[in-house]
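**Q** Just need the whole structure built from these sequences, with the hints factored in.
Protein chains: 2
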Amino acid sequence: MDRDLLEKMFHAAVAQAQPALAVRQHLPGKPKGRTIVIGAGKASAQMARALEEAWAGPLTGLVVTRYGYGETCEHIEIVEAAHPVPDEAGFLAARRMMEMVSGLSADDLVIALISGGGSALLPAPAPGLTFDDEQAINRALLASGAPIGVMNLLRNQFSTIKGGRLAAQCAPARVATLVVSDVPGDDPALVASGPTIPLGGSRELARKYATLYRLNLPPHAHALLVGEDNLAPTPDDAVFRGNSVRTIASAALSLDAAAKLAREAGLEAAILSDSVEGEARDVGQVHAALAREVAMRNRPFRKPAVLLSGGETTVTLRGKGRGGRNGEFLLALAIAIDGLEGISALAADTDGIDGSENNAGAFADGQTATRLRKAGIDPLAALGANDAYGAFEAIGDLLVTGPTGTNVNDFRAIIVR
Amino acid sequence: MDRDLLEKMFHAAVAQAQPALAVRQHLPGKPKGRTIVIGAGKASAQMARALEEAWAGPLTGLVVTRYGYGETCEHIEIVEAAHPVPDEAGFLAARRMMEMVSGLSADDLVIALISGGGSALLPAPAPGLTFDDEQAINRALLASGAPIGVMNLLRNQFSTIKGGRLAAQCAPARVATLVVSDVPGDDPALVASGPTIPLGGSRELARKYATLYRLNLPPHAHALLVGEDNLAPTPDDAVFRGNSVRTIASAALSLDAAAKLAREAGLEAAILSDSVEGEARDVGQVHAALAREVAMRNRPFRKPAVLLSGGETTVTLRGKGRGGRNGEFLLALAIAIDGLEGISALAADTDGIDGSENNAGAFADGQTATRLRKAGIDPLAALGANDAYGAFEAIGDLLVTGPTGTNVNDFRAIIVR
Numbered sequence: 084m085d086r087d088l089l090e091k092m093f094h095a096a097v098a099q100a101q102p103a104l105a106v107r108q109h110l111p112g113k114p115k116g117r118t119i120v121i122g123a124g125k126a127s128a129q130m131a132r133a134l135e136e137a138w139a140g141p142l143t144g145l146v147v148t149r150y151g152y153g154e155t156c157e158h159i160e161i162v163e164a165a166h167p168v169p170d171e172a173g174f175l176a177a178r179r180m181m182e183m184v185s186g187l188s189a190d191d192l193v194i195a196l197i198s199g200g201g202s203a204l205l206p207a208p209a210p211g212l213t214f215d216d217e218q219a220i221n222r223a224l225l226a227s228g229a230p231i232g233v234m235n236l237l238r239n240q241f242s243t244i245k246g247g248r249l250a251a252q253c254a255p256a257r258v259a260t261l262v263v264s265d266v267p268g269d270d271p272a273l274v275a276s277g278p279t280i281p282l283g284g285s286r287e288l289a290r291k292y293a294t295l296y297r298l299n300l301p302p303h304a305h306a307l308l309v310g311e312d313n314l315a316p317t318p319d320d321a322v323f324r325g326n327s328v329r330t331i332a333s334a335a336l337s338l339d340a341a342a343k344l345a346r347e348a349g350l351e352a353a354i355l356s357d358s359v360e361g362e363a364r365d366v367g368q369v370h371a372a373l374a375r376e377v378a379m380r381n382r383p384f385r386k387p388a389v390l391l392s393g394g395e396t397t398v399t400l401r402g403k404g405r406g407g408r409n410g411e412f413l414l415a416l417a418i419a420i421d422g423l424e425g426i427s428a429l430a431a432d433t434d435g436i437d438g439s440e441n442n443a444g445a446f447a448d449g450q451t452a453t454r455l456r457k458a459g460i461d462p463l464a465a466l467g468a469n470d471a472y473g474a475f476e477a478i479g480d481l482l483v484t485g486p487t488g489t490n491v492n493d494f495r496a497i498i499v500r
Numbered sequence: 084m085d086r087d088l089l090e091k092m093f094h095a096a097v098a099q100a101q102p103a104l105a106v107r108q109h110l111p112g113k114p115k116g117r118t119i120v121i122g123a124g125k126a127s128a129q130m131a132r133a134l135e136e137a138w139a140g141p142l143t144g145l146v147v148t149r150y151g152y153g154e155t156c157e158h159i160e161i162v163e164a165a166h167p168v169p170d171e172a173g174f175l176a177a178r179r180m181m182e183m184v185s186g187l188s189a190d191d192l193v194i195a196l197i198s199g200g201g202s203a204l205l206p207a208p209a210p211g212l213t214f215d216d217e218q219a220i221n222r223a224l225l226a227s228g229a230p231i232g233v234m235n236l237l238r239n240q241f242s243t244i245k246g247g248r249l250a251a252q253c254a255p256a257r258v259a260t261l262v263v264s265d266v267p268g269d270d271p272a273l274v275a276s277g278p279t280i281p282l283g284g285s286r287e288l289a290r291k292y293a294t295l296y297r298l299n300l301p302p303h304a305h306a307l308l309v310g311e312d313n314l315a316p317t318p319d320d321a322v323f324r325g326n327s328v329r330t331i332a333s334a335a336l337s338l339d340a341a342a343k344l345a346r347e348a349g350l351e352a353a354i355l356s357d358s359v360e361g362e363a364r365d366v367g368q369v370h371a372a373l374a375r376e377v378a379m380r381n382r383p384f385r386k387p388a389v390l391l392s393g394g395e396t397t398v399t400l401r402g403k404g405r406g407g408r409n410g411e412f413l414l415a416l417a418i419a420i421d422g423l424e425g426i427s428a429l430a431a432d433t434d435g436i437d438g439s440e441n442n443a444g445a446f447a448d449g450q451t452a453t454r455l456r457k458a459g460i461d462p463l464a465a466l467g468a469n470d471a472y473g474a475f476e477a478i479g480d481l482l483v484t485g486p487t488g489t490n491v492n493d494f495r496a497i498i499v500r
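Chains as they are written, first to last, in our numbering: chain Z, 84 to 500; chain E, 84 to 500.
It should be emphasised that the hints constitute simulated quantities derived from the structure, not laboratory data. Any given hint might turn out to be false.
Treat identical chains as interchangeable: a pair holds within one or across any two.
Once the Cα atoms are required to be at most 25 angstroms apart in a straight line, the calculated SDA-like pairs of lysine to any residue come out as [to be verified]:
| id | residue 1 | residue 2 |
| --- | --- | --- |
| 1 | 386 | 346 |
| 2 | 386 | 339 |
| 3 | 115 | 327 |
| 4 | 343 | 382 |
| 5 | 386 | 270 |
**A** Below, the structure is given as structure tokens:
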């Protein structure tokens, strides 16, 4: 098994997503005036700490993160608040953040540290709406089945922060946004509802979507949406001139890092997708089918090759075993390549914990099923019981790293020789 | 939507798999002596008819197919028998077929027309075993979760026909085998348990597998397996010299035909796999993720491109709607590419009927979800109710072809521009 190379690729992917490294690589230039740091999201406190350590000059600021995700910072205040359902702490932090960026000059610089989860951490209902209204709007959006782009456009109509409205309040100061992305395609406007990024799409379009998706808005909110000028206006494009946006960590960047390593090792590296979703075992079967095609017919990629993918699968619990998404993915893959030579795989959560146990993920190849049977474990029965952890533990094929301090979802690599 | 090109690719795939066309393209040379036609499988009667029409010379023979799959032939007798559980008709036909090929000369030619399902249609228990034993062995194998290669090796130990044993009985006559494949990778030894193809793997290996996979064999059969010389011997390789094997139709060949058409239309054609398995909606999500990667990042294939795949997915029934595997696949794909430009897809069963209704499959693109909502159908709710047929019918996006007269499983094509 190509265990060493697989593990190296995983570590390269994780290293690329470390906020400390990523922030250092993307520091904006120093301003003439003041530097104010704002931000929200699960990784934002880590980003704040990394920024403090790397920044040569004075700075102040306020960053909101999820309860338990705080870091110790010297100059940037770190506030913890509730996620995914917002609370008073986030509400107050959002207000203070808006005060902090008001009255800046054109010589000042605002650095926005944005990461996944930031939308819930910065609740800021538009004038005329209550905190409860914002919650009800969010529930209606989630129930609608609308795609994320549509949800964002609508959500933004009811906020004084989202969709670039926070950046508009920073003007005339420049805003440099650093993004740790958790969304497919890494559109920065979709991370944390893009408080510093202008989102295309008008009030008019938002009204059309509300009808098309049969949004069950609170009557109060609906009246505001269809009325004129009652909600926060869409920021004018002019206020974003001079601003910058850098995606500093994402599944895509991590996959790129792993691909680079693989190419240096002489493999063709194919990045299938940074955003694979679906039931883990079925996703495993499709990856296995692709690996078989490469193994048996040398297409659609040439051997030796590595297939890389990211994203987050789901597991429907059927049994009482232990294990996570990546274990399930691999066990199904192992069954689907049972007996085949030349295929080996790793799947792991980039945060270092795959599910409820202590492992980040595991390894599998065409002999995994045979090894399991020799250990007295029927692979299909283990999969049926959701016991991937037990299975891979029994044959010594778990990958244990401990928490990595970052998260760009799952990482999968399949080498075919 | 690229509806025309998608539909042309599907028809090219189906045409490539037509027994009439395929048999004509692969006729063996005429022998000095007699020509005897044998065969078994769901497509074998059609192959027999095509052979009769194309063959310039006398021939006789016997071919077994599934009840309802018979064809009218002039010189080749067509017997219908039970599938997937064998019956007396298949048992008697197998005996007559063995008699028919005994006593041939080196100048004679046996043409074997082999297709999926042929294993059950030619039950021939080894000496010392009954028809019931063979059934019990088959049940034990299916329950073991062993891969198809292992199942075949074991199954063959208990048969006087499978694993090349029928061809051995044809010696010294040459055997020309034409295969319509329904197995991943198209190993002809795995189609219909390869009655004319030598299968690697010894009696000794079969015994090891029986232990490893904890096979619950009938005591009688187990005793025969572990004993010496009680079962039909593995044919000697020498008897296969001079024989030929051609895979004349398969998912892979059909995907190749579609790829050729796509390349002529200026697309990069990527064949992902001829044997994708898994829950249809999850398989749809993974295909969508790959299509998004191509659409948004122009990798791992360059636009304009078409992603092609074959194989057979499954559907777990949750609701009471109408539809088949391909409809479910497409509805999940449509939801996952909702709002994206430049992606259009077709998924259909190459036999012309996707599930219980009259359609072969359907079409979908990034606007499908919007069209459904405008028609008053919530895409997620339709998927939840397994009502892909109702959904695609409502927006006029079904593909209806009628039965095609062949079957190389599902066909999926996704064009990304």
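**Q** Please go over all the hints and tell whether each is borne out by the structure.
**A** Do the hints match the structure? See the list:
In the homo-oligomer, the alpha carbons of residue 386 and residue 346 lie at most 25 angstroms apart both inside one protomer (12 angstroms) and across protomers (22 angstroms), since each shortest distance falls under that limit. Taking CA atoms no more than 25 angstroms apart as the test, residue 386 paired with residue 339 passes in both settings, with 19 angstroms inside one copy and 20 angstroms between copies. Taking the shortest alpha-carbon separations for residue 115 and residue 327, only the intra-copy value of 17 angstroms comes in at or below 25 angstroms, while the best inter-copy value is 82 angstroms. In this homomeric assembly, residue 343 and residue 382 come within 25 angstroms of each other (Cα to Cα) both inside a single copy, at 21 angstroms, and across copies, at 15 angstroms.
In the homo-oligomer, the alpha carbons of residue 386 and residue 270 lie at most 25 angstroms apart only across protomers (20 angstroms), although the nearest pairing inside one protomer, at 33 angstroms, exceeds that limit.
When the structure is compared with the earlier hints, no violation turns up for any of them.
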